[in-house]
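Q: Protein chains in written order, with our numbering: chain A, 10 to 246; chain B, 315 to 600.
Calculated from the structure, these hints are not laboratory results.
All C-beta atoms in this analysis are idealised placements derived from N, C-alpha and C, irrespective of residue type, glycine included.
One thing to keep in mind: the hints can contain errors.
One-sided and incomplete, this derived list gives chain A residues near chain B with beta-carbon spacing under 8 Å [unchecked claim]:
#, residue
1, L63
2, M103
3, L114
4, R190
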Amino acid sequence: MNAPLLTVKNLRAGYGEMQVLYDLSLDVHPAEIVALVGSNGAGKTTLLRALSHLLPWQGDVRFDGHSLQSLSPNRLFALGMVQVPEGRQLFDRMSVEENLLLGTLAGTARDALRRNLERCYGLFPILAKRRKQLAGNMSGGEQQMCAVARALMSGPRLVMIDEMSLGLAPVAVDALLDTLRLVRTQGVTVLLVEQDVHSALHVADRAYVMESGRIVREGPASELADDPEVQRAYLGL
Amino acid sequence: MLLAQVLLNGLLLGGLYALMALGLALVWGVLNIVNLSHGAFIMLGAYATYFLFTQAHLDPFLALPFAALALFVLGYAVQRGILNLVIRGPMFNTLLITFGLEVVITFLAQLFFSADFRTINPVYAGTNFDLGGLTVPQVQLMAFAIAIGLTLGLWAFLLHSRPGRSIRAVSQNLLAAQLYGIEPRRIYAVTFGLGTALAGVAGGLYGTVSQINPYIGTALTAKSFVIAIIGGLDNPLGVIVGGLFLGVAESLTALYIGPTYTDVASFGILVLVLIVKPTGLLGRTA
Ligand SMILES: Nc1ncnc2c1ncn2[C@@H]1O[C@H](COP(=O)(O)OP(=O)(O)OP(=O)(O)O)[C@@H](O)[C@H]1O
Ligand SMILES: [Mg+2]
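The task is simple: from the sequences and hints, build the whole structure.
A: Quick look at the structure:
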């Protein structure tokens, strides 16, 4: 197998005195869809925050060979590692199009901006219709599409998505997952953090199960989906 | 006819008021700091223009870009060096620090510039022209045009340029801005610098229509605050409306009640607005 795009080794992080992640390790390979599942409070969001340098952490994290320890959030963004944060975090009082434009690197040429916009509107035609609408006034599903589209605007290599399915109707979730499958064929790697274990395991190649800040299971997504223990704990079977 | 003349004077003054308030509203909206030293920066802009005029013999209107540049650099440095320490802190801390800044700047101004009144008096200072029976003072009209032009320019900058959009992004969603390659600290410093640069231009214009001394800042901060409350923080156009409203209200007060009551009028308006609609008349405040 080729070299991992993202390697996390012995990551430790937390909030002040309270440690949340304990020696956590995982790998994500190019053009993979990897699911990270776990119950409330397991530390999934904390992991993504640490990876985006919004929290101090210790350990060895490499993205495409670069050590992340000394990189600022905007350097990570420039390297092609982007995050769709929990709760979407759109710029609510800006139009859809402005949200998308803010997903690009500063200094991107005008015609490249155009091309990226057209590509995202191609992936999410409904956003093209809503391009002038304020992001905060859209439905939850449309907002999530806008958040994913914003993350794709810069042509990233790795997209980390936190709780994409939260509060969305199953059809909306399916549409978004289809889009992720499509962009994966174009070389975009996806780390999918989900509580909706069923759909996450369905779409992912590999998966990690997280509990209390540690990885407790890992393997091909289909194997984990068939695992009786996982089924009992997360799939309600 | 007298009423029309008074309304015209009020509008001309109001344009300048709008520009004064613009920097305060911008900084308030983006950094969530009510900058109590805003008026002190206006005062510094007035002195910068005054000295460029008297020492370097530069036309005061041509001196404005230099005053703006100097005040931008000063504001950027103050934000990086001092205000970054309290950013996102409790409102009380930022009020205290900017109040302290106002005291220090005023003290230094008095030390270096003396407490004397000064005026910026170009040769065309007394020139008027006639508009259908109304007297239009040339300097006031130029100050008005520059003030409105800059306010509209800022509006376009915030709406349509990449840096302007980044400034709005930081004010709307700090987390997302950070995740998408924006450095908040840089944006804060640039925004504060823009705020003080606008204050600098407003000060230069103020010096061409009014007397200046080191103590003018406090009252101008208060007026800017009133206008920002009326106009809201979202939109420079609201600040124009607020500025014109205050200018006209003060002129009418001077006509019907007496010139010494103009400040009473502006603070009466503030109290009324805070009672009737504490979120601002035209938009979101804090
Ligand atoms: N800002 C914070 N300050 C202190 N503790 C926090 C903070 N955010 C999260 N925590 C704690 O860290 C732990 C992990 O939280 P985290 O949000 O990472 O979980 P999660 O796996 O994303 O859960 P969920 O599925 O509910 O989103 C929890 O115990 C939580 O209470
Ligand atoms: Mg979470």
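Q: Are the hints correct? Go through all of them and say.
A: Evaluation of the provided hints:
no.	hint	in the structure
1	L63	holds, 7 Å
2	M103	holds, 7 Å
3	L114	holds, 6 Å
4	R190	violated, 24 Å
Violated hints amount to a single one, hint 4; each of the other numbered hints is respected by the structure.
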